[in-house]
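Sequences and hints are given; from them, build the entire structure.
Those protein sequence lines, which keep their order, are chains A and B. Okay, so the first sequence: first residue is 82 according to this note's numbering, each after it adds one. Okay, so the second sequence: first residue is 82 according to this note's numbering, each after it adds one.
Just so you know, the hints here were simulated from the structure itself, not pulled from any lab data. Only a predicted model underlies this, so the values are computations on that prediction, with no experimental measurement involved. Among the clues, some could well be false.
Since the list gives no way to pick one copy over another, a pair counts as held whenever it fits inside one copy or between any two copies.
Said to hold, decoys possible - Cross-link-like lysine-lysine pairs, in silico, BS3-like; alpha carbons within 25 angstroms at most: (1) Lys-190 / Lys-179; (2) Lys-366 / Lys-380; (3) Lys-360 / Lys-314; (4) Lys-314 / Lys-179.
Number of protein chains: 2
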Amino acid sequence: MKNILKKITNKSIIITIIGLGYVGLPLTYRFIKKKIKTYGIDTDEKKVNYLINGKNYIKSIKINYFKKNKNRVFSSYNIVSKSDIIIICLPTPLKRNKPDLSYIKKCMKGILPYLKEGQMLILESTVYPGATNEILISKLKQRFVIGKNFFIGYSPERENPGDKYFSYQKTPKVVSGHTKNCSLIIEKFYKIISKKVYVSTSIAVAETSKLLENLYRAVNIGLINEFKIICKKLDIDVFDVIDAASTKNFGFHKFTPGPGWGGHCIPIDPFYLSWISRKKGYDPKLISVSGKINTLISKRIVDEIILFIKNKYRNKKKIRFLIIGLSYKKNVDDDRESPSYAFFKILNNKKIFFDYYDPYFPQTILGRVNKIKKKSIKFNSKNISKYDASIIITDHDIIDYKKLYKSSKLIFDTRGVMKKLQKNDKKGKIIFV
Amino acid sequence: MKNILKKITNKSIIITIIGLGYVGLPLTYRFIKKKIKTYGIDTDEKKVNYLINGKNYIKSIKINYFKKNKNRVFSSYNIVSKSDIIIICLPTPLKRNKPDLSYIKKCMKGILPYLKEGQMLILESTVYPGATNEILISKLKQRFVIGKNFFIGYSPERENPGDKYFSYQKTPKVVSGHTKNCSLIIEKFYKIISKKVYVSTSIAVAETSKLLENLYRAVNIGLINEFKIICKKLDIDVFDVIDAASTKNFGFHKFTPGPGWGGHCIPIDPFYLSWISRKKGYDPKLISVSGKINTLISKRIVDEIILFIKNKYRNKKKIRFLIIGLSYKKNVDDDRESPSYAFFKILNNKKIFFDYYDPYFPQTILGRVNKIKKKSIKFNSKNISKYDASIIITDHDIIDYKKLYKSSKLIFDTRGVMKKLQKNDKKGKIIFV
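Following this line, the structure appears as structure tokens:
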């Protein structure tokens with residue numbers, strides 16, 4: 082233990098980050114900036130090659146480190162044996178509505194031969210309470226005395242994609258250790274990149290705190306989406322109401338309605354909690370209700386749009402839509418669980434033609450969520466005017482909304498980004514859905 | 082119109098506030114402080130007598146004004162004819178789960194003979210969207226040309242009982258008018274007491290904004306109460322989890338679990354919205370689910386306490402509880418819709434004996450919610466030790482929790498206020514429920 086603490090103090094600690102995605106890559110960057118010798122592992126060889134060639138696959142993170150140090154990024158696990166601290170940043174998705182921890186489990190199998198006395202293993206992935214114990218601790222305590230000759234910790238990631246100003250200098254890092262010694266080491270370790278490190282009372286508390294953070298967001302997105310439905314029924318402008326309520330400087334937190342929900346956290350994490358809760362005998366109500374609202378809202382919006390078009394053009398047989406935005410939120414090149422794909426699917430099922438435009442995505446990404454291959458159109462008046470309507474799903478700042486307004490026959494706005502152009506909309510082309 | 086604007090400018094405006102309760106009385110106080118000639122009306126003669134005698138019935142508001150000006154507070158409506166601006170601050174409760182606007186309707190009948198050209202009538206009560214139109218505007222437009230020779234506005238109250246630092250100098254006042262002229266007058270008028278006046282786009286928007294503010298609180302209280310249930314099932318300390326999550330400095334807003342919900346706003350306002358929404362064809366899901374959680378949580382807690390006691394004392398036949406706190410939230414002498422009364426009712430139904438202690442309430446208040454007559458016990462060791470357990474419902478700061486700990490056989494804490502004494506609780510007397 083003294084050894085590892087000393088290495089942290091004099092910054093000679095060697096770390097390995099496993100999983101170089103939206104969490105692992107920024108984390109790598111933070112440690113590199115602090116001149117910590119950092120190895121990277123990703124089983125996706127494409128990512129490894131990108132990094133070796135100095136290319137970036139996440140727009141906001143430009144890393145030259147692995148181009149300069151080509152022997153520090155791998156698709157295999159051997160290097161783990163040469164590391165003092167190993168951090169796992171792997172995805173934890175859902176599979177048939179159940180937590181899918183297979184990435185972490187596979188990784189554990191892979192690194193097991195390379196783990197040795199004196200190391201610390203840290204998990205940053207979002208998991209259900211007890212998972213670190215099940216998958217990491219219970220395995221390793223057969224070989225090591227945790228807290229004596231091996232150390233295990235959990236620290237939930239708090240990355241905020243698209244937020245340029247996010248930093249662990251401003252945002253505290255929650256950490257936890259399996260024993261007191263583990264807590265001591267992990268606290269000291271994360272102080273390298275974070276001004277405020279908060280040591281929670283147990284690993285389970287830290288695991289659950291991350292779920293609470295995202296549960297809060299998921300339910301409040303559900304709330305404001307349902308509130309939008311109510312306002313529509315009452316014929317009241319939901320954005321005006323939110324503006325008025327947001328002037329309250331205590332006890333209120335502004336959320337805005339949208340086309341659904343997206344990203345790797347909000348539509349997934351709550352179900353980790355409800356899954357384990359149900360296993361223990363309590364079926365959470367708010368999680369499932371807000372989940373249903375956030376999923377159904379996309380279908381609701383499409384129905385509303387089609388009804389509008391049908392009422393406007395009585396004899397119209399074929400409708401052609403232009404979807405604006407593929408990212409799950411604005412200003413990021415991140416399409417994980419994007420509601421845009423939900424719209425793709427719904428329109429496809431209804432056999433309605435559509436194209437899309439997103440400056441962050443020249444083409445769609447095929448994967449678990451999306452099976453539809455398309456290329457982004459070029460953003461010019463001629464192209465835009467070909468469609469019966471544009472549907473704004475993602476409100477990227479970079480988009481020229483005035484041009485979009487001028488060239489579109491109709492604009493259905495799910496984000497309220499056209500509010501500022503509404504005043505001059507004498508033709509009534511803007512419809513908030 | 083010029084006349085009323087001029088009077089506001091030179092502060093010669095005469096106002097009448099109808100309903101001198103938790104909203105009307107502080108509002109009166111704010112205008113009196115600005116040297117505005119203010120009349121008060123409350124049909125409850127007891128209140129009028131209190132005020133004339135300089136006694137205060139809301140602890141935090143001491144008003145000598147009506148003692149000095151005995152002819153400015155009435156239980157009848159005549160004085161309305163001598164006022165420029167009339168503000169209605171009457172309660173809007175639920176009756177059989179439906180909005181009960183009878184107080185406002187009765188008031189409208191009462192003041193109608195005394196309304197005249199050039200006046201402005203403002204509603205501050207929380208109502209469903211459209212209610213100001215239904216009850217005020219539609220009646221008065223038969224007699225006046227609203228916006229020309231009579232003015233109508235709506236401004237939702239934002240009082241925060243128990244918050245010494247609340248002020249409309251810090252918190253913006255949302256206002257709205259039926260016409261542009263109405264908006265102009267109401268904006269100028271509230272600037273007398275508020276630094277920031279926000280003019281919303283319509284009365285319906287202002288009405289709805291207030292409901293959104295409290296809907297947000299109601300759903301998040303439901304969320305954190307349900308989250309507590311989940312944490313219990315997982316055997317994780319919910320307060321530790323909340324502490325860890327609260328270190329997130331963006332995208333998170335801390336709520337703490339409790340014994341249920343209370344006050345005149347949170348358990349009521351959401352049902353105003355769901356009632357009107359249902360009338361328009363949409364049955365809101367999140368409101369009803371969070372409502373159910375917040376109502377059921379009290380019963381759940383009592384069941385948990387009784388189970389604990391029964392497991393501890395196998396042969397115990399009669400249990401005696403001491404309820405700590407009668408107010409719906411800490412540091413206020415306000416028992417409206419207090420969860421303490423829910424506990425009273427549940428224990429009474431189960432024929433379990435209990436007493437209570439609350440420094441703010443020497444005796445219980447009989448009314449719509451509570452039918453049980455009791456006197457607060459004296460807070461001393463001998464008294465406290467008579468009971469099998471204390472149950473903390475309201476966490477007033479003024480209570481001596483160390484004494485409570487020492488003298489109680491067991492303490493069931495619904496608020497987490499005993500967290501700081503937990504470390505030294507070697508006897509395991511503190512149980513968080």
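Q: Report the numbers of all earlier hints that the structure fails to satisfy, in ascending order.
A: Result: no hint breaks.
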